[in-house]
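**Student:** This is what each chain is made of:
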Amino acid sequence: MGKQQGLLFGLATLLLVVLATFYFTHDWLPPLKSDREGIDSALGATLAVTGAVFILTNLLLAYFSWRYQDRPGAQAAYWHDDPRLEWTWTLVTAGIMAIFLFGALNLWAKVQQAPPPGAFMVEVTGQQFRWVVRYPGPDGIFGRTDAKLASGDNERAYIGLDPKDPNGADDIVLLNHVYLPQGRPVAVRLRSTDVIHSFFLPNFRVKQDAMPGMMVVTTFTPKASGDFELACAELCGLGHYKMRGEVHVVPPAELEAAVRKAAAE
Amino acid sequence: MSHTATAHADEGHAHGAPQAFIWRYVFSKDHKVIGIQYYVTAMLMALIAGVLAMLVRLQLGFPNSTFPLLEKFFPAGFAGGVMDPAFYTMLFTMHGTIMVFFVLSTAPVSGFGNILIPLQVGARDMAFPFLNGLSYWTFLPGCIVILSSFFVGAGAASGGWTAYPPLSAVKQAAPGSQTGQTLWIIGMVFFIASFTMGGLNFLTTILNLRTKGLSLLRLPMTMWAMLLVAILGLLAFPALTGAALMLLFDRHFGTSFFIPAGEVFNNTPLAGNHQGGSPLLWQHLFWFLGHPEVYILMLPALGFTSDLLSTFSRKAIFGYKSMVGAMVAIASLSFIVWGHHMFVSGMSPYIAMVFATGTILIAVPSAVKVFNWLATLYQSRIHFTTPMLWALGVVSLFISGGLSGIWLAQGAPDIQLHDTYFVVAHFHLIMAGAALFGVFGATAFWFPKMFGRLMNESLGKLHFWFTFVAYYCTFFPMHYIGIAGHMRRIYAISPPTGFYEYLRPMEPINHFITLSAFVLGSSQLIFFVNFFWSAFKGKPAGENPWQANGLEWTTQSPPPHGNWAGAIPEVHRWPYDYSVPGAPQDYLMQTDPAPIGAKAH
Amino acid sequence: MATVLRRGLDPGAGAIRDGAAGQPPPAAIGREDEPPPGLGFDPVRFGLLAFMVTVSMLFVSFTSAYVVRRAAADWAPLALPPLLYLNTLLLVASSFTLECARRSRGARHLWLVTTAALAAGFMLGQLGAWGQLAELGFFLASNPHSSFFYMLTGVHGLHLVGGFSWLLVLVPRSAQGALAPESPALGRLAIFWHFLTALWLYLLLLLFVI
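Chains as they are written, first to last, in the working numbering: chain E, 1 to 265; chain S, 1 to 601; chain C, 1 to 210.
One thing to keep in mind: the hints can contain errors.
Derived coverage of chain E by chain S (criterion: at least 3 residues anywhere in the stretch with Cβ under 8 Å from a Cβ of chain S; other residues may be distant) [unchecked claim]: (1) 14 to 28; (2) 91 to 102; (3) 182 to 189; (4) 206 to 219.
Please keep in mind that the hints were generated in silico from the structure rather than gathered at the bench. Built from N, CA and C at the ideal position, the CB exists for glycine as well.
Required output: the full structure, derived from the provided sequences and hints.
**Tutor:** Written out as structure tokens, the structure reads:
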């Protein structure tokens, strides 16, 4: 019975390796539409290294399970220390991790850079259960909002846009549709007026929590035009699964017209 | 039963076990009874939390079906035979809460820790037997409170097991944020109090009550794990206690620890004078506990695995000192990585870099453990008993789950993977899986010591195979859908019930995962049958059915009152002298004074 | 069924044989007048120290929340309620009298009763300080400083209630002369008590001085 178990465990492990390799080497990532290709590269490199380690360690596990089964007359080795071996594998692992760390910190710094001057500004406020999208308008200044002014009258009231603030007069407010310029850096300023939401653009490798009481800016450059989905990626209540939005990337020349058309609807 | 003549006060084991049923089996101070009480309670909580998970999977696997039968059981949750989205949020919240705290912190730690520590360190009982009993009787009310939250008006907590405010702090934010969330907090306070009492006992007993000859470096890996778990718990849980208290105040007394100004619910500004609260504060405090907590779940399994692998491959654990060092490194590092749960939270990107560094570093001692396990198996002589299979399963899951951690640790890739099913895959493999398999392995191994009977090997192996295969079938595919952008905690993914077109291709995978989960869930019945049948009808085990080295195998099965019928044995070696050249048998127990075996130990 | 239960769970199965070679099981841990086992280190004292580390971590968590919150622009600190001066004096005095009790031989009971009285005075005084604040219109939710004040003093007070209960157990024991001269029980209470006094001084500093 024991012998079969060893063989069985080895085979099961091998099967896992084969299936994992087969499925992991498929393309699961949504097609990349932004300048954050560094993330895709990092994911690819991680797959390669962790995949290799996965295959190697599991092959050993499978092989040992089969090879070292109890047999009549067999004796286990009394070998339980080998400092040179241990130092070697520890240092090699540490070295590989150091390389990962270096790459990770560099990529992180790049992704977290402040928006360049002239970046396209848009504000997105997460609410239960919608995205309130606001453009600053020709004056480039966002009007003042005040929670005490919030009501359900219209989109502008959802975020408490102060009708008395001249800067806000030209602000354009949309619901659940974000229009972005192709090829131009975009700075999305994220807010929330109730609970934590998360602004997730799967095609752009963008995810940033919308935190009540804070404003967080995330910067990226959309590279391809088209329509893409926006998802909420932080549990925000019973309507969390409904918080879908759409991102429309258009050539910069057509952007203003597209936004105004959407606002008119 | 003879007693010494002097009339001592109440510390029972000084003079024979109590006779009345209630003091012997109910309000016991005996660590073995208490350990089993914890274990059995955890099993029941696991049944409940498991059913919750099955319901979650039902919804995700069959999003367009109706279930009239379930409406009979859950009239509010399945009105019209369709699951209510609010019910769904409650399901995964309570599944996580119950599993993490009331099952997987309990069975391996409070269950096996209590059963094993005095036996493995050579003590009559824990250092504080009364406190020990009190800890169980604080735990049980916690279970009752948390379960009672299902039956209050608006239902149990539904803000995730992580209970992020403002969702959990503002009552109108979700139905589950009403009384259910308050009961969640109270249940957790009971749990934390109980766990703290246990931690004090574990720490004091392991450090102060070891028998003669048992130096720290002669402790079994299981004991090292329990020691570190106790330290982690004592240092980390207070952060959640503090946070829970502040959350209670925000919810009921109008404070603003976590609630900022400018809150609007249902298009109406939130009443009250809230100002300056920080949802990020909760996250920092919660994860300051939360990260060490997941190691609390995992370390005992790592300890069990080392002991099981060694026993059943008849070979010393390879690199004992580096194994201990690796565990200490993992435990220490676990305190400085908590922010990796918060990479996209809006916290400072500079702090994020510190957390990414610690997280990537923690891969090194984890890898060392895997290498040492493999080296233990190398040139060994493996007996494929049920406990051995579970231990090998832990190694497998630790490799899988540990490697996926490297994906998440790197900050920027985590932007794509945070709050997706990739994370769900990661922690179910490494934390839940390792802990669960560890508990099953420990059960199969120490059941004979506790009950004097062996568990049925055929049923045990059947249970293992179904669980091992179904576990991977359930959780491994979650990596793929996570990479594809499938978020967590989503009631439905694509039309007609859901909303996202890009997730439609994931439906068949969700379906497959659900069917695997059903197999996984139902196979656990084999375990329950085996456990209870063997307790009555299992083959009698002797003192040492596995021919293992630990101190616990030097006494009767089950151990008598006071653990050893005579004097407590003395220790002369570490517990890993298997297959020592020149020895008469392939094992030398810790109590064996023969002058052969590892000199350094 | 009963047999199985008895075999499986029974901590009493197989009696400790009377007269077996080797030592009998030790008397209960933590009783008065008994040498500590093994390392020569009182396990109860060790457990108490570990518990104090846990309690400290609780206040470390509160401190970090407090310090970060305090840095915000809208921080409006309260003035120190004057009663706190008296309360602090009472608590420090109670630590002093407890030490006297610990070291004394004949007057131990008197010192302990005094300690209890001073402690009761402190606790009532804390409630009075809350009252003083409430009178000025500062309640739990009034502003962040008041929130932290009520919460921190409340949690500290709860721990002191625990210590006080422990003290109340020892007071009658000392009257009966049941405490050993170098009483370990009194020694442990003293450690915990001085810890709570030091904690109070720390909280006072944190809330109003530094």
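**Student:** What are the numbers of the hints that this structure violates, sorted from low to high?
**Tutor:** Result: hint 3 breaks, nothing else.
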